[in-house]
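Visitor: Next come the chains, spelled out residue by residue.
Number of protein chains: 2
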Amino acid sequence: MASVDERIKELQDKIKALKVAKQDASKEVEEMKALKAQQSKDKKDGPAGFQLKVPKGTIDQKPAAALLRKKIFATLEGIFAKHGGELIDTPVFELKEILAGKYGEDSKLIYDLQDQGGELCSLRYDLTVPFARYLAMNGITSMKRYHIAKVYRRDQPVMSKGRMREFYQCDFDIAGTYDPMVPDAEILYILIEALTALDVGEFTIKLNHRKILDGIFELAGVPADKTRAISSAVDKLDKLPWADVKKEMTVEKGLDEKVADRIGQYVGLKGKGREVLATLQGDKELNTIASAKEGLADIALLFDYLEHSFGVLDKISFDMSLARGLDYYTGIIYEAIVEGSAPPSATAAATPAAAAAPAKGKKAAKSATVNEDGVDESTVGVGSIAAGGRYDNLVNMFAEAAGSKRDKVPCVGVSIGVERVYAILEQRRRAEAAKPREKETDVFILSLGKEGLLPERMKLARKLWEAGIKAEYQYKAKPKAERQWAQAADDQVRFVAILAPAELEKGVVRIKEQGVVREAGQDNGEEVSLDNVVEYLKARLG
Amino acid sequence: MASVDERIKELQDKIKALKVAKQDASKEVEEMKALKAQQSKDKKDGPAGFQLKVPKGTIDQKPAAALLRKKIFATLEGIFAKHGGELIDTPVFELKEILAGKYGEDSKLIYDLQDQGGELCSLRYDLTVPFARYLAMNGITSMKRYHIAKVYRRDQPVMSKGRMREFYQCDFDIAGTYDPMVPDAEILYILIEALTALDVGEFTIKLNHRKILDGIFELAGVPADKTRAISSAVDKLDKLPWADVKKEMTVEKGLDEKVADRIGQYVGLKGKGREVLATLQGDKELNTIASAKEGLADIALLFDYLEHSFGVLDKISFDMSLARGLDYYTGIIYEAIVEGSAPPSATAAATPAAAAAPAKGKKAAKSATVNEDGVDESTVGVGSIAAGGRYDNLVNMFAEAAGSKRDKVPCVGVSIGVERVYAILEQRRRAEAAKPREKETDVFILSLGKEGLLPERMKLARKLWEAGIKAEYQYKAKPKAERQWAQAADDQVRFVAILAPAELEKGVVRIKEQGVVREAGQDNGEEVSLDNVVEYLKARLG
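Residue numbers (the numbering used here), protein chains in the order written: chain A, 1 to 542; chain B, 1 to 542.
Looking at chain A on its own, in the form it has when it is part of the complex (with noise of 0.2 Å):
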């Protein structure tokens, strides 16, 4: 096996340097290839050469599983038209120029499919570009739309926090110029009304503007070109202490220590209510930057709404060290927060003033927690668990690009990390006795006696569905009794209806419910009439 891992390297280095000279390499790459095919044949693969699993990344939803994750899109989706959101859905894949150059150093994570001769596409990587190009596509200048799919991102996954390859968001927009922060407000409402309906538990949003975030920039001296790289920096602070950001900031990015620092006198503040902003509106410097000052009065006016009109304040931390990486927003930004699903760093000096204090917890040792990419599940919370701002430019920048002049869209919006309210929601129920029902089925219908009645109980199951009840049966013409009940046990159905040659003679079936603990001689369950059957079973399910 040496000599093959050996071979291969020199293979992958003789490729790259082959490359490099611009030479087709087509013969040491299928060699390459037929080596690697050997080398996991000879590990675990059958004879077609090839491994019964999903790709790197993915996951089948089972049915329990499948389940809840419907229940959570029902509650979302009530929550959504509630607000008046319209429902949408787009292609999974787009066309490859739609998505370049909308999500920065994340384009690299792009899944590409492959040209096979026609347009060249790529999966989606969110659902707010579609939804930008859609606006643009339609020509729509407002619109409040909902859209719950799957995206796609090529990252690093960890399972068991729901950090996938292929996962569902939960997206609402609202699109249109309205009035200052009254939509904004709304869609904050929104999304403390999902998380509440969810039962996540204790959860914060934090809360930021980008347009403070620059005025800081711009009274710090942060140099216009480097503004995208020490944003990206600041909104390391939820994991990374101070000081680890500031030494990026100017090791790495180049930034003046004097720079850092000022910015540093205001990263770090952070709170629920009003303080911050008071503190922030009373200072003279910072006021005399025009965006800082707009900023600061959209997120006065903004609380006003949350206080006084929803009644939602009280969930908002104020936080100057939220930056977001995404290039697109120029408004709000959020980012909502469960107790708890923090990863353990956020709890270290974030502050200059706690900057003197060792990381905690930076040099865990590699333990079991350590997946197979290298990566220390134990140092990864769920983290975010939904995020999202204003981006008043995506629209009319697409309808630019594609050479139709309009006028701008603004948009507001906020999307759901389903997978990581379901990690918490499962991990919760694991703790629980109770196994999840897989199926909705009300009524077993279970046949007594050799003759098995399959017939009959094929005539009462269509009898059943044909009034919208959930109803099944064995298919065995004889099927044993112990495996009928068991079956009806396990599927935890709550009704069995019992046919037995004596019963049909009389034209009844007996229903009995099951887990329900009867006094004794009370056991037998109740004689129904056929005729009766499907207003007695109605009426037992409500």
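Quick caveat, the hints were computed from the structure, so don't treat them as lab data. Treat the numbers as computed from the prediction; the structure is a model and nothing was measured. Even glycine gets a Cβ: it sits at the ideal position worked out from N, Cα and C. Zero decoy hints are in this set.
Stretches of chain B that chain A covers, calculated by requiring three or more beta carbons in the stretch to come under 8 Å of a beta carbon on chain A: (1) 61-69; (2) 89-103; (3) 183-191; (4) 400-412; (5) 456-463.
Given the coordinates of chain A, assemble chain B onto it according to the supplied hints.
Guide: Just chain B, lined up with the frame of chain A:
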């Protein structure tokens, strides 16, 4: 433009030749791509060189359409759950080798993901192969599962008939070893239930059995290596007359003419009721072939269940010309056809007896119905609206290929073509006058007077949302009255809640019901106390 076209053709021919000579043609490919890019730029692209569109063969689902599809899914899920179906979901792409070799000639229609350094993957082509992989992977021997999800085929699209490259399938399959034909009967019952509930109009289910077809081929003397090809020819009898099919068998596929004629004596047999079955059961020669005899016994048993237990035999047409393309079917096969949805040439001669008559419609003039792919849409019916069959070997074939020996897991299932159902329902809806609703809002909160009353509207909205009532208001501090009334009307919102200064002082809001004709003097709606408004609206909404 002509010289660019010519140069492109030149380059294409040259590239073909080069490929044959196995020489690297990258320079020519680059030049051709650059020319093509210039060509489309010249035509219609914007400055960034791209068009705002979705990929060929895909569509966005706009709100009215998305809502209608959601209703179709809800109807189907309700039926599947009634029969004890368990929901699963699988990744949108599978390992390339999982899909390889499963789809015969259609394998060229599979979308591949680009090789980006990891596992090679392809977009799923149907939901059956993923299900078989799921069963084999998890060692499951019995399961009733449903799955509603999109699949991907690089076909020639005919959008108006619902033939797209990305489209939903709704599958229900029963896996497991049971007494013969019982699950088969229930699957057909479910299919009939579903098409009835979806209200697609009159439909017929064409039914056949692979063992009977195999028996006919054996009796006629079809060589084993030609079975697949001859099967595929027989399957075209729904679109081509017998003369053409026979020609394909003999001329193209090299079958002896006597053998083709013998086949021709059977494949014209079709009809409802038990006549065809009786004819075949009385055919002494056919019954000397073991597989034909087994197949006929299966059909006889199936018909008994369908007629006496489920009462649905009248929907079935036993049709010897149904062959289906897929290799993995081992028992019954079926296809549901909606009246008026079959392609026009299906009415042409499909039996040897009528073979003398010339084929109709074969030389229809190219007309306005020819789309940009050269497909004459008027000759394309919606075709089959659902299809399926029994496939007993697929699961253990997977298990064995992956090196794990397993017992057979027999399966039978049906796949409902939701897009085709949608195309039919949508065509019907367009004939109706009513514009479909795109949102579900029940109450529109409107303000009169110059103050705008935005905080009060937001407070009332919150009150209604907390009670689960779907409510909206305009995101404007001082909205114009006419525009608010217009929005309530456009969105077909049933109730308008009117806030005005005088009423607010009294602590009341006026509720008006839209679209209801009242007697003169009764147009002003009802005054409701703000303390009671939730109860009042809940009662009115029912």
